[in-house]
Amino acid sequence: AASAADRWLDGLAAALPHGVVRDPAALLGPWSLRPGNAVTTTSDRGLLLDGRPVVALDLTALDAGAPWLLDSGTPASPRGRLSEHPELARLVAAHAASLVADGAAHLPEDAGPPRWDPTTTSLGTPVDDALRAAFRTTLTVAEGLVGVPDPFDLSARDALLAWLTDPSPDGGPGRWLLGVHRTRPDLRAAFAHVPGHDDEALLAWVRTHGVIDGLPTLLVDEVLRRTPVHTATGGRPRPGVNVIGFLRGELGIGESARLLVDALRAADVPFGTISIDRHLASRQLARPGAATSTQAEVFDTSILCVNADLTGTVAASVPGLMDHSYRIGMWYWEVEEFPPTQHGGFASLDEVWVATDFVRQAVERHSPVPVRTITPPLPQRGPDPVLTRADLGLPDAPVLLFSFDFLSTAERKNPLGLLDAFRRAFAPGEGPVLVVKSINADQRPGPAEQLRLAAAGQPDVLLLEEYLDADARDALVALCDCYVSLHRSEGLGLTMAEAMAWGKPVIATGYSGNLQFMTDENSFLVPWAPAPIPRC
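Per our numbering, the sequence shown starts with residue 939, numbered consecutively.
To be clear, the hints were calculated from the coordinates, so they are not data collected in a lab. Certain hints may be false.
[What the hints assert, rightly or not] Listed below are the simulated SDA-like cross-link pairs for lysine to any residue, each with C-alpha atoms no more than 20 Å apart in a straight line:
1. K1442 x E1274
2. K1442 x L1417
3. K1442 x V1324
4. K1442 x A1392
5. K1442 x P1317
6. K1442 x P1468
7. K1442 x Q1318
In this text the structure is predicted, and so the values were computed from the model without any measurement.
Please model the complete structure; the sequences and the hints are all you need to start from.
As structure tokens, then:
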């Protein structure tokens, strides 16, 4: 949406004679700063963009409380990063500081009615081909507009969601899913008899591949929740375990689910798996081997390896398993309080497993079902790496390593605190190098830019932001000299356990779930002091 400044300039241009200047240096801002630009300053010419004097700098979208982004309102990675332009970053930081000093840190955008966006429904979902097909078919079959909700009316959100996702009177796919089918040639070829006897197969595809194929999560969840699944059972299921979780997800809870599968296989316990692809922003290229095959048999115990907030939704997507088995949720949580927003997951379970006593103490105070500490198998040392430090871009120096996921909340993982501690411990050029390995920086542009700016100008700090394959990820841990985690809180701490498995000394905060396997005898624990979690 246009800012107040943009709309003011639009009005001015319409009212007065004007010309068009096509030069990014005329007004440098978040929309005109591009990768590869050179922003410099000179004493006589001021701020320069690629050697040309900058006439004006657009900081109307700057949040003085977060001066690492030129536009704090964009959810995507910025086109031009302040971390790549230290001169501009210093200028922006100085301006933000002056705003804070003047008490104008957060100037509100002009308060008016919300702008109508014809590309997005009131549900926040895009007006795409599937949605157009749903409405077009409604008119074509002469249903008319009676009872059809306005897709842009915020007061009709619930009605729109039901209208799109309710199954047809005979139990088949609803309007939106039929629209998806009609507008996807691949789905029409794979499921030719929809509506008809391919309905269940289409729903199975939606359950496992819908969101990863780009379908809106909200609509996928509602379709699965509202559509009955017909299952046939031949009596009591035989003993074994149904494992449901993010088995392909490159994130901690996905790794925990894969370790559970490894343990079941090692113990020769019958099991089957269903990999959930929805709700994940992380990359999904992990390969849990044969365990990812589609569930062919229902066993008498189901373990949902998803956290509390997703338990109800995921359970509703696999009713054929949940209705005929003892239901266990394997949950992770990271702080001492377990808020009411997480309590809905209890209703779908008979029992909750947590990885550490720290998490159990938070959850069991509110739980109507048993809560047990079942620490999952911890990572084990693999074969010596084939890759070298040179292959990974690591220097020939003492390497301190820290790895984290921006989607797991940078404030909790505390990389900024680690950078500060490293700066205080070692002088520049003293020898040790801090390597901070992260993923999903592109999905959290604010914290990512804050970290880049904090590390800027520090040659002894190396930021690695790309995903690594399993061999490179293992080699990174195997080739470091020490692992450090100055986290504010952890539910378990698999990266610390992995480093310990490789025999690396580990320095970590002496608090939270990592104390399930870390002690003063096997680790270097850092003292801590409690602090309240700020309310957002």
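Holds or violated: K1442 and Q1318, Cα atoms, limit 20 Å.
holds, 13 Å
K1442 and E1274: Cα distance at most 20 Å?
This hinted pair is violated, its Cα atoms lying about 29 Å apart.
Need the status of pair K1442, V1324: alpha-carbon distance at most 20 Å?
holds, 18 Å
Between the alpha carbons of K1442 and A1392, is the straight-line distance 20 Å or under?
violated, 27 Å
Starting from K1442, check that the Cα of P1468 is at most 20 Å away, please.
This hinted pair is violated, its Cα atoms lying about 28 Å apart.
Decide if the proposed pair is consistent with the structure: K1442 and P1317, CA atoms, cutoff 20 Å inclusive.
holds, 13 Å
Could you grab the alpha-carbon distance between K1442 and L1417 and see if it respects the 20 Å cut-off?
Answer holds: K1442 to L1417 is near 9 Å, not above 20 Å.
When each numbered hint is compared with the structure, violations occur for hints 1, 4, 6.
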